[in-house]
Amino acid sequence: MISNHISERKNDSRFAYMIRGHNSAIVYTMFIVSSFSSFVKDDIHYIFGKEEAVCPECGNHMRFNGRCRRFVFRENSRKREKYSMRVFYCSKCYHYHRELPDFVVPYKHLSAKIYAAICDAINEFVDDHSAARICRWVKGFLVFGAAIVRRLKLEHPTLVTNYDSNSTWDTLRYFVRVVVNIGEWK
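If you use full-length UniProt numbering, the sequence shown closes out at 186, no skipped numbers anywhere.
Hints were generated in silico from the structure; no laboratory data involved.
Among the hints, erroneous ones may be present.
Computed cross-link-like contacts, DSSO-like style, restricted to lysine-lysine with a CA-CA straight-line distance of at most 27 angstroms [said to hold, decoys possible]:
| hint | residue 1 | residue 2 |
| --- | --- | --- |
| 1 | K113 | K92 |
| 2 | K108 | K82 |
| 3 | K153 | K139 |
| 4 | K50 | K92 |
| 5 | K92 | K41 |
| 6 | K113 | K41 |
| 7 | K139 | K92 |
| 8 | K139 | K113 |
| 9 | K113 | K79 |
| 10 | K82 | K41 |
Keep in mind that this is a model prediction, so the values were computed, not measured.
Make the full structure from the sequences, and use the hints.
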């Protein structure tokens, strides 16, 4: 009985160390860059952000730690394109961060421009449940993004927003960048 209790305590302390220490499970967060360069090699688009890599959580400078693959359908292609995105590591908060270009919507396979085009042309799709679902997601996300920007303006009165509210694509791209870069993407 006593030895069983001691082994449970050892496991608990080891588990608590894994949660608190930097040896915990790898959690990828992301940040979006709007200015980037790219080149194509072997049908893979390599993306390089021109902005300095700063941790979105603690503000520390990050170091390059490798690459990851991402498959995205772009507006002018019939097949999904392969992208190689950079992964950075923050030595202060022990997190890995993926650098995404601004046309990518996190956790989605279509580019932001395709989502906006589907939402703008919803009347052309007759009885298509996928298009209706995409349009509902876009409209809901635009409401969420507007609420996030309003909250940021209250917290930081000097914040300047630069998006065209008449363009679904421009607004969606702007809100995706803001929501991801402040860490509110759920």
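Task: Hint consistency between K139 and K113 [alpha-carbon to alpha-carbon, up to 27 angstroms] - done: holds, 14 angstroms
Task: Restraint check for K82 with K41, where alpha carbons must lie at most 27 angstroms apart - done: With a Cα-Cα distance of about 10 angstroms, the restraint between K82 and K41 holds, given a limit of 27 angstroms.
Task: Satisfaction of hint between K139 and K153, Cα-Cα up to 27 angstroms - done: holds, 21 angstroms
Open item on the list: Does K41 sit within 27 angstroms of K92, going by the straight-line distance between their CA atoms?
Closed with: This hinted pair is violated, its Cα atoms lying about 34 angstroms apart.
TODO: Measure nothing beyond the straight line between the CA atoms of K50 and K92; if it is 27 angstroms or shorter, mark the hint as holding.
DONE: Holds, because 22 angstroms separates the two Cα atoms, which is no more than 27 angstroms.
- [ ] Quickly compare the C-alpha distance for K113 and K92 to 27 angstroms and report which way the hint goes.
- [x] violated, 35 angstroms
Task: K139 paired with K92 [C-alpha distance capped at 27 angstroms] - done: violated, 37 angstroms
- [ ] Would you mind confirming whether the straight-line C-alpha gap from K113 to K79 stays at or under 27 angstroms?
- [x] holds, 15 angstroms
Task: Straight-line alpha-carbon gap K113 to K41, limit 27 angstroms - done: Given pair K113, K41 holds - Cα atoms ~24 angstroms apart, limit 27 angstroms.
Task: K108 paired with K82 [C-alpha distance capped at 27 angstroms] - done: holds, 14 angstroms
Violated hints, in rising order: 1, 5, 7; the structure is consistent with all others.
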